[in-house]
Structure formats: structure tokens, C-alpha cells
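S.K.: From first to last, the protein sequence lines are chains U and Y.
Read left to right, the first sequence gives residues 2 to 236 (our numbering).
Read left to right, the second sequence gives residues 197 to 488 (our numbering).
Hints listed in this document are in silico derivations from the structure and should not be mistaken for laboratory results.
It is possible that part of the hints are untrue.
Selected chain U positions facing chain Y (Cβ under 10 Å, derived; list incomplete) [said to hold, decoys possible]:
no.	residue
1	A75
2	P83
3	V90
4	R91
5	L100
Restraint ranges, calculated between C-beta atoms of paired labels, are given here [to be verified]:
no.	chain 1	residue 1	chain 2	residue 2	range
6	Y	Q367	U	D107	21 to 31 Å
7	U	A109	Y	L348	23 to 33 Å
8	Y	F353	U	R179	34 to 44 Å
9	Y	S299	U	A112	49 to 59 Å
10	Y	V452	U	T93	41 to 51 Å
11	U	G165	Y	H283	29 to 39 Å
12	Y	I479	U	G8	49 to 59 Å
Which residues of chain Y face chain U? A few of them, derived with a C-beta cut under 8 Å, are [said to hold, decoys possible]:
no.	residue
13	N368
14	I377
15	R378
Owing to the predicted nature of the structure, the values given are computational and were not obtained by experimental measurement.
Glycine included, C-beta positions come from ideal geometry on N, C-alpha and C.
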Amino acid sequence: MMLTVDGVNAYYGEQQALFGISFGIDEGGVRTLLGANGAGKTTVLRALCGMVRTSGEIRFDGKAIAGWATENVARLGVAHVPDGRGTFVRLTVEENLQLGAMTRRDRAAIAADIERIYGHFPRLKERRRQQAGTLSGGEQQMLAVGRALMLRPRLLLLDEPSFGLAPLIVEELFQILRQINRDTGVAMLIVEQNAALALELAEHAYLLETGRIVMDGAAAEIGADEGVRRAYLGY
Amino acid sequence: MQLLLQQIMAGLANGAIYAGMALAVVMIFLAIDHLNFAQGEMATFSTFVAWQLLAWGFPYWIAFVLVVMLSFVGGIAIERILFKPLHKASILSQLVAFIALFSILNSGDGYIWDYTIKTFPTPFGTRPLFGSVLIDTHEAGMIGVTLVVLLLIYGFFRGTRLGLAMRAAAQNPESARLVGIRVGWMTALGWGLAAAIGAVGGMLIAPVVFLEPNMMFGVLLYGFAGAVLGGLTSPGGAVIGGFAVGIIENLAGTFVPYIGRDLKLTIALIVIVAVLMVRPAGIFGRMTVSRV
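Isolated chain Y (complex conformation) (with noise of 0.2 Å):
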């Protein structure tokens, strides 16, 4: 019992990390219709960056804040240097560009700052968590971000006419011209928003698996498994999907013999294949259909 107890409350900070990838792949995916192969490395990248910050002396969370907003930055250039040109392009050609994205980022990483394994500090400590050895503070602190970080998104979609109008571009681009809004602009707010929210899981998954070029790719993984149970559609159900799978994955790492620690990252695709044969449209997100 306190097995168990210990791992799905350790699942449940795995998946707080997962639950910010999947939101911040659904943003994008919303946004332009297309999965972002490169959301990890963006990320990657970020943490890297405040890697850097740290060893040039900056306190932790002006060096948090700091690539927050570079991140931002980044992500609505990414947009307008590399995506806008292809906006009308084939599918194709854009996951070339995710492609290149991808290698261009995770090479990057690697000659600016090599491959060896860095440590990445945690604010939070690690501690047991009041006493408890059922979470330790940094797991805590993963989740309480996460939930910070969730709020403020919800609180900008529905309470702000910005929020609005990326909601409504989204929606109905063409519908969204007519009422004035620049469509293009609030597909860069979302890369904007996306690349950010990476920033935030990268900075606080580095100190569990520790920084390298390659940390995100099982990160990504899980997060895209999140963002289909939960449904693409859906930020909500992504979110509750990262949370589930972060659950999933560490239960069953523990309690299916055979599966352990070195089959765990099967479980993320286990769950992607199984919801695309059951429930394509995930469990909160809607079908669409359209007219031919």
C-alpha cells in the first residue's frame, strides 16, 4: 500500500511535466494543425540556456523568469522565420521543417555545450515533503509550478480579450479575418506560449533526469502520449492526460513484471496506439468532421 501510494504520487510529478508538454504540444496543434516534433528540443534548449544563466552567477529564478521570456521570444521567431513562409505548404514539407527544427536545436545544444551529463539545480530542495517519504519537495514543487502555470494559461484563454481572440483564430481562421483579428499574429503567440511553457517542464524535469541534448525525447514522448488520451483538441484533456500517463507509466514500471525501468517508455506508446484504435478523438476531444 505505501508502494503504491508512493508511486502514483511520484506519477503524479512525472506527469505534472507531462501535462506541460502535452498542453504546450495541444497549443500548437490547435494553433496550425500539426503536431510540433521539435516542442522537446525547443525546450531542451531553453534549459540550456538557463543552464548557462546559472553558471554565469544569476540567482535561480531570475534565471527562470529570464528564459521564460526568451523563450517566448523564441518561439514567435521560430514562427515568423521558419513556419509563416510555409503556411500554405504541404504537410510534408512542414514536417520537414519540424524535422530540421529538431536536429538543428538538438545538434545546437551539443556544440554550444557539449554531451557530457550536467546536474540542474532545484529551488526546491529534496527533501521528504513534511516528513513524508511519499513525495519529496522538489515533486512538490514540479507540481505546484505545473498547476501555476495551468491557471495562468486558463485565466489568459477565458478572461482576457487576447485569450479570445486566439481562441476564436484557432477556431475559424477565416471568420476571425473578418472580424479584424490578425490570424498570423496569434499563431506566433501560440508558438510563443508553447516554447515558454516547455521553458517551465524543462527547468523542472533537468534536475530529476538530468540535462543533456537528448533529456526531452522520452519527456516528449509521454507528453504526446498525454495530449492523445486527453484529446488534441482539448488543453483540459491533455493536461488530465499528462497527469494519467505520468500515473500509468510509474505503476506500471513497478507492478507488471517484465515491464520494469527499461520498457517504461513502451507504456507512452502503448497508450497512443490504443487510444487511436478505441477513441481517435481522445477522451475529451472532439471529432471533426468535414465537408469534401
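Chain U with its partners taken away, still in its complex shape (with noise of 0.2 Å):
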């Protein structure tokens, strides 16, 4: 496995927000977290960076990274889209792109790469010299996810990619990033309230309440599972 995570609790000063979390993730691989709202969902992403305090063993290529400094994982190649995707509003498009490859120094490849993300996403081309904060939300959240596929890396954590964003663009933006996947190989945790979407993209999902994963499964079969559904996803 790519990354483990064995028995994490995480804490907002006193108060405790996970519990004993446990996981993996494999090189290429697609999973998701699922649950309501305050479950801990965000909080899992966070603890993997080090934007929360934990406890707990997190391991990715087999190195022990809890208690790392957030910018130190980006380093390993853990691209991180935050909730309220975290775009440098003041800055250009393109700068924010530039921003993604801080860690490369492949200048070349670095000007491919945002080329090839302006492929996937023609309307940020469009816009490369505006800055980031005048686009609309669609646009902020692809501008998120390319700026984050910009550091090439090896685990991309998405935290509600389709917060906030007309269903069509949602559809839009699930396949490609089910397209980078494939041609990419770059594993996926994505963190979704809509859990039919990020069922079909992952092939393996968790379920959390209160801090706590109550049950994981392949994502076919927590998606066919009625109770669960009911129970925990809503729809």
C-alpha cells in the first residue's frame, strides 16, 4: 500500500474529532470517504497533511509522516484540494498554476504540464491572465484540482469537489478526473456528500460517523446496499 493509516486519532485543541481511524490506499487506486455532514471527513484529509494535530501511525511509502509539517507531505507528492478550494484569489490563473509546481524545477516540463492541464479544462485557458478570484465557481474548483495535479503527484486528496457546483459541471469534472486516473496512474481519496458520484468513480469506500469509519466495502456493494444508503448517504 501506497498509504496506511492505522489507528489515527486527531484533535481540534481539547476537543477529540477522530477515533482509532484505520485505511490504505494503493499505488492508482480510487477511495472515498462517505458520511454526513461533521463526521470527520475533512478532518481525515487534514490529519494526512498535518493540519491537525494527531496520534496514530500514518505511513506513506512506507515513511512515517504524522506529525509532519504540511508542506514537507506536499513534498512527497501529496497534491491536497481543501475544502473551499484554497485558490489564491489575488493572483492570475496562471500564477496559481505556477504555484502548483512550486516543489518541480523542471521549468520545460512544467510549461507541458500546464498546457496539458488548459486540455482539460479549455475555459481556464481562457481566462489565464484574470485573476483567480474573479471566476466562478466551476472555474475556481477546476482551477483547484489542476493547481494541485500541477505538483504531479502521487496522491491527490479531494475534499468536496462538487460543493457548490451545477450538476452538469459535476458530471464534467468526475470524468476527467476519472480520465487523469487512468492516464496518470496518480491514486485518489475523495471526500464527497454526493455519494452516487464518488461511488462510481472509486472502487472502494468508507463510511464515517462521529470520528469513526462503521464500515467499508467495495463500492459497488456499499452502493447496492439499501439500509446503507437510507442510513448514511441520503439518497
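Both chains are given apart, each in its own frame, so use the hints to dock them into the complex.
M.R.: Right, dumping it as C-alpha cells:
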């Protein structure tokens, strides 16, 4: 396994938010974390990136990365598209993409990757000189995904990529994510409220409730289980 | 008319220094969200070091470059030693650290170099520029050097990856970490640049106001006024604000009765208060709205 998480707890101040979370992701695999608001999905992603205080073991490529500074985790090839997108709103679209490649030195390949991102998201190319803050919600989400890909990540963490987007745009975005996974073999961990979409893309799903994993299994099985769907996934 | 032009030119020359200080203030404000009250004392200390190097016989421009480099390293050291351990502390703790830095540097100047007023040389001379009475060569040199510094800074922020990383770290530290930028070092670099810019300003103004430990006190106040006028979040605005304050100060001192030389410093405070009342973000600044 490329990423293994074993018995991880996470804390906001005195408040414990995750309790003994354990899971893993293979090279090139796609997995999803599902659950209601406040179940701790975002916290799992933040724990992987050293953005909250944790205890327990997190290994990436065999390295114990629990407690590492966020920037050092990113330098290992873990790209995080955070909740609320986290674009640099006062910088241009192109500057945002260049920032995504800040850990790399290969100028020519960076320029080629920017063109590749524009190929996936032509609208970003039209707006390359505009400030990111002037983009629509969908375009900003595409920019956030594009910026994360500029890292040439081995693992992509996506926090609610569908949030606030029109259904058609969400469909398009997930198609592009699937294509990127196939083409580049980047592993993905997707946190989603839109369970149906996430289960289509992922091969394995984890169900989170109040900071604990209460169920996990193949995405197809979880999606097919009527009881689970009613109780946890709301569709 | 002659007097008016002359005062505007002199205002521009002083304004160049205020612009440099305002820029230094804004750079640290963008990096750590606080005003650096010790900015002026850092510049004075650098100027004293320059004076010492000159006294030891270094040629002017070699001393100039050495001091800029030493100040850059010193600024980084101050951030790493004094402010990095405090970066999660309350505003009041940080304020106390600024005051401490202020008095350590101020008293240090006096302890090492004593409090007597010293002359500081100018490499530009003080002849009239092209035979004009409007501006002399040192004033023109001050404006010229400041503009070069501003262009270099602009080029650095717009044209280099490191500059881009610094802008990103100032704007959104959390996202900057997520793309692998070492935000703490970007802050330290901001301190280094601010200290270097301050050193340039100190060495340029010293021939005009003479060198002593409190030399920069008034200058920093004008620099703050310029930064507030232009907007604390806008480096370009701070520069324009600095020049504007220089001109306002000179014109008011000459043409408004009662103000004269003695009340000139008050102008800076009036500018600060007036801007904060009418447009708190400054002319070119942006209001940041935060969700609570």
C-alpha cells in the first residue's frame, strides 16, 4: 500500500474529532470517504497533511509522516484540494498553476503540464490572465484541481469537489478526474457528500460516523446496500 | 512659483525616503499582519554600521553594498530568533517584542556609537543639479536610488518564482503550505528584504538629517503615514503614499501659517488620522472581510 493509516486520532484543541481511523490506498487506487456533515471526513484529509494535531501512525511510501509539517508532506507528492478550494484569489489563473509546481525545478515540463491542464479545462486557458477571484465557482474548482495536478502528485486528496457546482459541471469534473486517474495513475482519496458520484468513481468506500469508520467495502456493494444508502448516504 | 516648485522637488526627495520606509513597513505587514515599530531603529542601526565601515576606510559603494547585505541577513536573524517563536502568540506579546527590539537597537546605537550627532557623507555631492536651484545632486540621487530599489523589488515579486511564492504565502498561508512552500522562510525573507530596504533609506537620509540614534523616528512616522495613505496592503500604493506625504509635509510647512518647521511632524499624524476616518483601507488598499 502507498498510504496506510493505522489507529489515527485527531484533535482540535481539547476536542477529539477522529477515533482510531485505519485505512489505506494502493498506488493508482481511488477510494472515497462518505458520511454526513460533521462526521470527520475533512478532518481525515487534514490529518494526512499535518494540518491538525494527530496521534497514531500514518505511512506514505513507508515513511512515517504523522506530525510532519504540511509543506513537507506536499513535497512527498501529496496534493490536497481543500474544502473551500483554497485558490489564491488575488493571483492570476496562470500564477495559481505555477504555484502548484513550486516544488519542481523542471521548467520545460512545468510549461508542458500547464498546457495539459488547459487541455483538460479549456475555460481556464481563456481566463489565464484573470485574477482567480473573478472566476465562477466551477472554474475555481477546476483551477484548484489543476493546481493540485501541477505538483505531479502520487496521491490526490479531494475535499468535496462537487460542492456548490451545477450538476452538469460536476459530471464533467468527475469524468476528467477519471480520465486523469487512468492516464497518470495518480491515486485519489475523495471526500464527498454526493455519494452516488463518488461511488461511481471509487473502487472502495469508507463510511464515517462521528469520527469513526463504521463500515467499509467495495464501492459497488456499499452503493447497492439499500439500508446503508438510506441511513448514511441520503439517496 | 519658484518657491512652490522648489518645495515640491524637496518634498519628492524626502518623499523618496518615506516611500522606501513605507514599502518596508508594508512588506512586513503583508508577511505577518503587524506593523513593525522597530523598522526605523533597524534602519538607524544599519546606517551606524555603514558609518563605522566608512570610518574604517571602506569606499562608499562597497560599504553601501556590504551594509545592505548585512541588513538582509540581520532582518532574517531577527525574524528567526525573536518573532518565529512568537508567531502564534497574542498581538500584545508581539507588540512587546517590537518595543523590545526598538529599545535594544536604539540603546545599542547609543552604547556603541554614543549620542553625539555625526555627519554622514553623500556620494552624489550637494551641488545644484544641472545648475538648477530646484534640486541638488543628493536629492536627485535619493530619488534615483529609491526608484531603482522599487524597480528591483517589483521585478522580484512579478518576475521570479521566489517572489511569486512570497506573494502566495502572504495571501493564503494554508494553501501555500499545501503546494509545498515553506511559509516560515518566506516570512523571514520578507523581514530580510524590509531590513535591506530600510538600510538603503537610512544611508540616503543620514546626510540630510545627520546621524544619531533617534534619526529615523520622524522618518518612520512619515513612512507609516505614507503606508496608511496608500494602503497597508498595497506595496505600490505605499510608495505613492510616501511621495505624497513628502510633498504635503513640505508644502504645509512652507505655506500654511503657524505650522512652519516645528509642527511639520504633526502633518504625518493628521494624515494618518484623516485617512483612517475617511478610508481605512487607504487609497490603493483593499478591505479584507473575514467570516467569523
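S.K.: Work down the list of hints and note, for each, if the structure agrees.
M.R.: Hint check:
1. At its closest, the beta carbon of U/A75 sits 4 Å from a beta carbon of chain Y; the interface hint therefore holds under the 10 Å criterion.
2. Hint status for U/P83: holds, given a least beta-carbon distance of 7 Å to chain Y, under 10 Å.
3. Hint status for U/V90 relative to chain Y: holds, with the closest Cβ pair at about 8 Å, below 10 Å.
4. Among the interface hints, the one on U/R91 holds; its C-beta lies about 6 Å from the nearest C-beta in chain Y, closer than the 10 Å criterion.
5. A cut of 10 Å between beta carbons decides the hint on U/L100: the least distance to chain Y is about 5 Å, and the hint holds.
6. For the pair Y/Q367 and U/D107, the supplied restraint of 21 to 31 Å holds, since their beta-carbon distance comes to about 25 Å.
7. U/A109 and Y/L348 have their C-beta atoms about 27 Å apart, which keeps the hinted 23 to 33 Å range intact.
8. In this structure the hint that Y/F353 and U/R179 lie 34 to 44 Å apart at CB holds, the actual value being about 39 Å.
9. A beta carbon spacing of about 51 Å between Y/S299 and U/A112 agrees with the range 49 to 59 Å that was offered as a hint.
10. The hinted window of 41 to 51 Å between Y/V452 and U/T93 holds, with their beta carbons roughly 45 Å apart.
11. For U/G165 paired with Y/H283, a C-beta distance near 32 Å keeps the hint of 29 to 39 Å intact.
12. As the Cβ distance of Y/I479 to U/G8 is approximately 56 Å, the hint placing it in 49 to 59 Å holds.
13. At a threshold of 8 Å, the smallest CB-CB gap from Y/N368 to chain U is about 5 Å, leaving the interface hint in force.
14. Interface restraint check: Y/I377 against chain U, minimum CB-CB distance 6 Å, threshold 8 Å, status holds.
15. The closest approach between the C-beta of Y/R378 and any C-beta of chain U is roughly 5 Å, which is under the 8 Å cut-off, so the hint is satisfied.
Violation of the numbered hints given earlier is absent; every hint is satisfied by the structure.
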